[in-house]
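**Student:** Residues per chain, in single letters:
Protein chains: 2
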Amino acid sequence: MPDKGRILSIQSHVTFGYVGGKAAVFPLQCLGFDVDIVNSVQFSNHSGYGRFGGTKTSAVELASIFDTLELNELLNPSRLLTGYVPNAEALTAVAELASKLKKQKPDIIYMLDPVMGDSGRLYVAPDVVPVYRRLLSLATVISPNWFEVETLTNIPLKDMPSLRQALTVLHTDYRVPNVTISSIPLQPWLMEAIPSHIRPTSDGPYLLCITSSSTFKSSTDQLSSVHAQCVPLLSGYFSGVGDLFSAMIIGHFDPSDSSLPSGRTPLSHAVSCALTKTHAVLTATHEFSEKLPLEERLPTDDEEDKVEPMRKIRRMKGRELRLIQSMDIFTKKENGDLRHMEPWTSFWEQS
Amino acid sequence: MPDKGRILSIQSHVTFGYVGGKAAVFPLQCLGFDVDIVNSVQFSNHSGYGRFGGTKTSAVELASIFDTLELNELLNPSRLLTGYVPNAEALTAVAELASKLKKQKPDIIYMLDPVMGDSGRLYVAPDVVPVYRRLLSLATVISPNWFEVETLTNIPLKDMPSLRQALTVLHTDYRVPNVTISSIPLQPWLMEAIPSHIRPTSDGPYLLCITSSSTFKSSTDQLSSVHAQCVPLLSGYFSGVGDLFSAMIIGHFDPSDSSLPSGRTPLSHAVSCALTKTHAVLTATHEFSEKLPLEERLPTDDEEDKVEPMRKIRRMKGRELRLIQSMDIFTKKENGDLRHMEPWTSFWEQS
Chain W
2 MPDKGRILSI QSHVTFGYVG GKAAVFPLQC LGFDVDIVNS VQFSNHSGYG RFGGTKTSAV
62 ELASIFDTLE LNELLNPSRL LTGYVPNAEA LTAVAELASK LKKQKPDIIY MLDPVMGDSG
122 RLYVAPDVVP VYRRLLSLAT VISPNWFEVE TLTNIPLKDM PSLRQALTVL HTDYRVPNVT
182 ISSIPLQPWL MEAIPSHIRP TSDGPYLLCI TSSSTFKSST DQLSSVHAQC VPLLSGYFSG
242 VGDLFSAMII GHFDPSDSSL PSGRTPLSHA VSCALTKTHA VLTATHEFSE KLPLEERLPT
302 DDEEDKVEPM RKIRRMKGRE LRLIQSMDIF TKKENGDLRH MEPWTSFWEQ S
Chain P
2 MPDKGRILSI QSHVTFGYVG GKAAVFPLQC LGFDVDIVNS VQFSNHSGYG RFGGTKTSAV
62 ELASIFDTLE LNELLNPSRL LTGYVPNAEA LTAVAELASK LKKQKPDIIY MLDPVMGDSG
122 RLYVAPDVVP VYRRLLSLAT VISPNWFEVE TLTNIPLKDM PSLRQALTVL HTDYRVPNVT
182 ISSIPLQPWL MEAIPSHIRP TSDGPYLLCI TSSSTFKSST DQLSSVHAQC VPLLSGYFSG
242 VGDLFSAMII GHFDPSDSSL PSGRTPLSHA VSCALTKTHA VLTATHEFSE KLPLEERLPT
302 DDEEDKVEPM RKIRRMKGRE LRLIQSMDIF TKKENGDLRH MEPWTSFWEQ S
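In order, the protein sequences belong to chains W and P.
Just so we're aligned, residue 2 is where the first sequence starts under our numbering, counting upward by one.
Just so we're aligned, residue 2 is where the second sequence starts under our numbering, counting upward by one.
I should point out that these hints are in silico values taken from the structure, not numbers from a laboratory.
All clues given are correct.
Here are the simulated lysine-lysine pairs, BS3-like style, with alpha carbons at most 30 Å apart:
no.: 1; chain 1: P; residue 1: Lys333; chain 2: P; residue 2: Lys292
no.: 2; chain 1: W; residue 1: Lys5; chain 2: P; residue 2: Lys318
no.: 3; chain 1: P; residue 1: Lys5; chain 2: P; residue 2: Lys334
no.: 4; chain 1: W; residue 1: Lys334; chain 2: P; residue 2: Lys5
no.: 5; chain 1: P; residue 1: Lys318; chain 2: P; residue 2: Lys307
no.: 6; chain 1: W; residue 1: Lys307; chain 2: W; residue 2: Lys292
no.: 7; chain 1: P; residue 1: Lys313; chain 2: W; residue 2: Lys5
no.: 8; chain 1: W; residue 1: Lys313; chain 2: W; residue 2: Lys292
no.: 9; chain 1: W; residue 1: Lys101; chain 2: P; residue 2: Lys57
no.: 10; chain 1: W; residue 1: Lys313; chain 2: P; residue 2: Lys5
no.: 11; chain 1: W; residue 1: Lys5; chain 2: P; residue 2: Lys292
no.: 12; chain 1: W; residue 1: Lys318; chain 2: P; residue 2: Lys103
no.: 13; chain 1: W; residue 1: Lys101; chain 2: P; residue 2: Lys307
no.: 14; chain 1: W; residue 1: Lys5; chain 2: W; residue 2: Lys101
no.: 15; chain 1: W; residue 1: Lys292; chain 2: W; residue 2: Lys333
no.: 16; chain 1: W; residue 1: Lys333; chain 2: P; residue 2: Lys5
no.: 17; chain 1: W; residue 1: Lys101; chain 2: W; residue 2: Lys57
no.: 18; chain 1: W; residue 1: Lys313; chain 2: P; residue 2: Lys103
no.: 19; chain 1: P; residue 1: Lys333; chain 2: W; residue 2: Lys334
no.: 20; chain 1: W; residue 1: Lys333; chain 2: W; residue 2: Lys5
no.: 21; chain 1: W; residue 1: Lys307; chain 2: W; residue 2: Lys57
no.: 22; chain 1: P; residue 1: Lys104; chain 2: W; residue 2: Lys318
no.: 23; chain 1: W; residue 1: Lys57; chain 2: P; residue 2: Lys318
no.: 24; chain 1: W; residue 1: Lys57; chain 2: P; residue 2: Lys57
no.: 25; chain 1: P; residue 1: Lys5; chain 2: W; residue 2: Lys318
no.: 26; chain 1: P; residue 1: Lys313; chain 2: P; residue 2: Lys57
no.: 27; chain 1: P; residue 1: Lys318; chain 2: P; residue 2: Lys333
no.: 28; chain 1: P; residue 1: Lys292; chain 2: P; residue 2: Lys313
no.: 29; chain 1: P; residue 1: Lys318; chain 2: W; residue 2: Lys106
no.: 30; chain 1: P; residue 1: Lys313; chain 2: W; residue 2: Lys101
no.: 31; chain 1: P; residue 1: Lys313; chain 2: W; residue 2: Lys103
no.: 32; chain 1: W; residue 1: Lys103; chain 2: W; residue 2: Lys5
no.: 33; chain 1: P; residue 1: Lys104; chain 2: P; residue 2: Lys5
no.: 34; chain 1: P; residue 1: Lys57; chain 2: P; residue 2: Lys104
no.: 35; chain 1: W; residue 1: Lys5; chain 2: W; residue 2: Lys334
Beyond 12 Å from chain W on every Cβ pair, some chain P residues (computed):
no.: 36; residue: Arg135
no.: 37; residue: Asp160
no.: 38; residue: Val170
no.: 39; residue: Ser184
no.: 40; residue: Ser197
Backbone N, C-alpha and C define an ideal beta-carbon position, used for all residues, glycine too.
Full structure from sequences and hints, please.
**Tutor:** Next up, the structure:
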């Protein structure tokens with residue numbers, strides 16, 4: 002197996018299940034990477050279960066690990082991946098590390114997943130947001146969701162001009178060369194704007210995934226090269242999907258790859274691979290969870306869930322990613338079956 | 002990929018390199034197990050480097066994780082693997098958990114690696130020893146090294162009668178059904194005692210590995226069925242080998258396997274697989290480290306190492322297991338190339 006180099010991964014750890022590092026590390030190891038793992042928390046299970054035990058790693062503890070790695074000359078990863086970090090102090094320690102690494106090795110590939118919230122709700126302390134904004138200029142690729150783009154840019158995404166403006170802020174003000182936004186609800190204005198070759202061919206709910214690379218432009222008068230793809234939405238909420246997705250992006254992102262066909266960017270290719278693999282794992286997980294006994298897949302019902310916490314816990318358990326059983330998906334060489342991110346050449350044209 | 006079930010693994014975590022959980026988890030995942038991971042420490046690198054940062058997980062933190070897992074009905078592994086736990090309080094929390102699991106599921110397979118020391122030197126606090134002694138009766142398999150057998154039994158191993166006595170104490174007094182002792186120096190009295198079909202066929206240093214199963218006897222008047230094999234000693238000390246070895250034993254131990262040829266026990270088969278894979282990884286690591294630049298493989302020299310700590314650190318780094326690059330070794334189906342543990346039928350005969 003070829004030596005792919007080292008990835009330093011800083012994110013959450015759970016004993017049971019697959020979110021954070023547990024969702025990211027094994028797939029990256031299957032791709033051949035040595036993964037240096039720093040756990041920002043050690044919890045029994047993810048917080049979506051409602052009940053969880055364990056502790057957060059303090060900023061002092063993180064700094065102790067980072068400093069010793071540096072002192073021992075063990076701090077020279079070719080890639081850096083950061084995900085959930087629970088508070089501003091700890092995130093500041095991570096930011097100092099990222100800044101140091103970037104200074105030492107300017108071509109380090111830094112994949113920043115600014116984990117802050119979802120669907121209009123922040124699930125980190127608000128003082129984390131400005132630290133993420135400061136981190137942006139160090140990143141090679143960022144993978145915010147819809148809500149995190151709004152939070153970072155302070156721009157509510159309600160039409161094409163605001164979407165263009167948000168990407169302009171990220172590329173220009175924050176100097177992020179590569180942005181990917183996944184799981185965008187296909188609202189009517191967005192459905193209308195996407196070119197016909199990207200539009201879904203069948204009925205049923207879809208999500209949109211967008212990539213935007215300012216370093217690889219299809220024409221000189223555009224700010225970036227944009228690609229997109231519609232992904233069928235699977236019913237039910239599965240945790241860890243974003244963590245797996247980001248891991249697969251950094252695992253497949255290769256700016257020195259000269260074999261890419263024209264019209265593809267290193268980011269659009271990496272996201273094509275990441276989408277394909279993540280969707281395959283999600284499909285396997287969905288099929289597995291559908292076959293579970295009824296009591297392990299009772300639908301979300303906030304009132305009943307509150308009265309009987311095990312209702313939610315069993316549902317969460319039944320929806321843990323089938324990551325280990327999907328090993329072949331990660332080890333398989335990418336072939337013609339990729340879900341390709343397609344060029345959206347008219348993205349920057351004002352209508 | 003088939004569902005192999007869940008292993009709860011409790012041992013150390015390091016960011017850089019492969020010892021403890023970092024040496025055990027990936028290979029077990031490659032075999033198809035879901036591994037529930039509890040980190041007893043989070044360190045930058047293993048302690049053999051001389052300098053390390055990070056923190057130990059307290060007994061309270063461990064209990065918080067275990068209790069929440071139980072409350073959430075997420076505590077039902079089919080196998081339990083415990084390795085390095087840094088002090089008696091934390092180990093007592095682990096012992097309480099092991100006791101609870103054993104009560105709930107008497108046929109749970111518990112692989113206990115009583116990590117205490119090596120080569121005559123204890124590297125845990127002395128009050129850990131009695132906690133390990135109490136744990137022994139819960140274990141399905143234990144994998145002490147030579148020194149740990151002496152420490153647990155209080156019997157200095159100096160001849161065949163003392164070796165028989167130590168195994169008698171472990172099987173009878175402590176009620177451990179399966180014992181494996183690896184990396185035994187082939188002292189003259191041992192070389193003389195082992196049957197000719199086990200004796201090494203070529204010159205050069207060898208280590209002996211022994212298994213002893215009291216539940217599978219080759220004759221009714223024997224306390225246990227003993228198997229052994231000589232393994233060529235590779236020069237240099239490699240960390241994490243014992244952790245990988247124990248993981249591979251629990252990964253291959255199957256007491257319900259009825260396809261074993263006569264003369265083999267489930268333990269001897271599991272250890273044959275574990276030895277084969279561990280030796281293959283070690284060989285790959287040894288070959289890699291031999292090709293490193295001289296400054297990364299300077300020989301041990303206590304005086305010079307003390308003056309210049311980086312001397313030792315670079316050596317340790319160069320000897321980290323080539324675990325990720327050995328993925329194929331773990332995923333490959335066991336075939337005829339196994340290094341078989343051979344029956345030592347005369348073991349219990351007094352000469």
